[in-house]
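Colleague: Note that the protein sequences, when read in sequence, are chains A and B.
Just add 14 to the spot in the first sequence (first one is 1) and you have this note's numbering.
Just add 141 to the spot in the second sequence (first one is 1) and you have this note's numbering.
Note that these hints are calculated values from the structure, not bench results.
Since the model is a prediction, treat every value here as computed from it, not as a measurement.
It is possible that part of the hints are untrue.
To be verified - Simulated restraints on C-beta separations:
| hint | chain 1 | residue 1 | chain 2 | residue 2 | range |
| --- | --- | --- | --- | --- | --- |
| 1 | A | THR92 | B | PHE151 | 44 to 52 angstroms |
| 2 | A | GLN28 | B | GLN158 | 47 to 55 angstroms |
| 3 | B | GLY157 | A | THR92 | 46 to 54 angstroms |
| 4 | A | GLN28 | B | ALA223 | 21 to 29 angstroms |
| 5 | A | LYS71 | B | ASN171 | 43 to 51 angstroms |
| 6 | B | GLY192 | A | GLN122 | 29 to 37 angstroms |
| 7 | A | GLN28 | B | THR227 | 20 to 28 angstroms |
| 8 | B | GLU248 | A | THR24 | 22 to 30 angstroms |
| 9 | B | GLN163 | A | GLY55 | 39 to 47 angstroms |
| 10 | B | SER210 | A | SER42 | 37 to 45 angstroms |
| 11 | B | SER208 | A | GLN28 | 47 to 55 angstroms |
Virtual Cβ for every residue (Gly too), placed ideally from N, Cα, C.
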Amino acid sequence: GENVEQHPSTLSVQEGDSAVIKCTYSDSASNYFPWYKQELGKRPQLIIDIRSNVGEKKDQRIAVTLNKTAKHFSLHITETQPEDSAVYFCAASIEGGGNKLTFGTGTQLKVEL
Amino acid sequence: NAGVTQTPKFRILKIGQSMTLQCTQDMNHNYMYWYRQDPGMGLKLIYYSVGAGITDKGEVPNGYNVSRSTTEDFPLRLELAAPSQTSVYFCASSAVGPNTGELFFGEGSRLTVL
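Looking at chain A on its own, in the form it has when it is part of the complex (with noise of 0.2 angstroms):
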């Protein structure tokens, strides 16, 4: 089945900064990448999402980029703020692959002021 793996578990950047959260898949069928925020104690919700299609998203201060022929991709948050503090997971699926989104573990972003 799909592994994910994400890296780094934790990330720790100044206010204003910006912060790169790298992932990596292990099948080439995978044609779905998702990011989800989770907030401290609250529900995971979606902030971006990619399809293997195109190999760049953007939406305001949070892009998403992917390649496929490396099998990674990777979320990028440009002039972090306070309220970006949170967990952070991408995810992959496989069209027809049974509605299985496969989670990486988590990133821990921190942004210090």
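For chain A, the structure is supplied; the task is to place chain B on it using the hints.
Modeller: The following block gives chain B in isolation, referenced to the frame of chain A:
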């Protein structure tokens, strides 16, 4: 609009006891899922359903059972609770499969087995 509602939010069980985590959604979503979240381990899929009357196993189904008699409800049953089932459980739903659309999560249920 309540979205996905889970009950209870917290529960302590003794080893060998059984219980049911309730999940209901009011978005008329066909797809529903149960995940467990352990520290540093991400979210692991326990069971999922693509519609009323249809359920299937995820990555970690042992020790759990589910049913889907209606579109709205997807309860998770724990039989003979074990300490390894101590975790935070999330129910989720989506309008289409997770490979094409957003998952909406409930607030989670924290279960401790002693």
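Colleague: For each hint, tell me whether it holds in the structure or not.
Modeller: Now the hints, each set against the structure:
no. : hint                                       : in the structure
1   : THR92(A) to PHE151(B): 44 to 52 angstroms  : violated, 38 angstroms
2   : GLN28(A) to GLN158(B): 47 to 55 angstroms  : holds, 48 angstroms
3   : GLY157(B) to THR92(A): 46 to 54 angstroms  : holds, 52 angstroms
4   : GLN28(A) to ALA223(B): 21 to 29 angstroms  : violated, 44 angstroms
5   : LYS71(A) to ASN171(B): 43 to 51 angstroms  : violated, 26 angstroms
6   : GLY192(B) to GLN122(A): 29 to 37 angstroms : holds, 36 angstroms
7   : GLN28(A) to THR227(B): 20 to 28 angstroms  : violated, 36 angstroms
8   : GLU248(B) to THR24(A): 22 to 30 angstroms  : holds, 25 angstroms
9   : GLN163(B) to GLY55(A): 39 to 47 angstroms  : violated, 20 angstroms
10  : SER210(B) to SER42(A): 37 to 45 angstroms  : holds, 38 angstroms
11  : SER208(B) to GLN28(A): 47 to 55 angstroms  : holds, 50 angstroms
Of the numbered hints given earlier, the model fails hints 1, 4, 5, 7, 9; all others are met.
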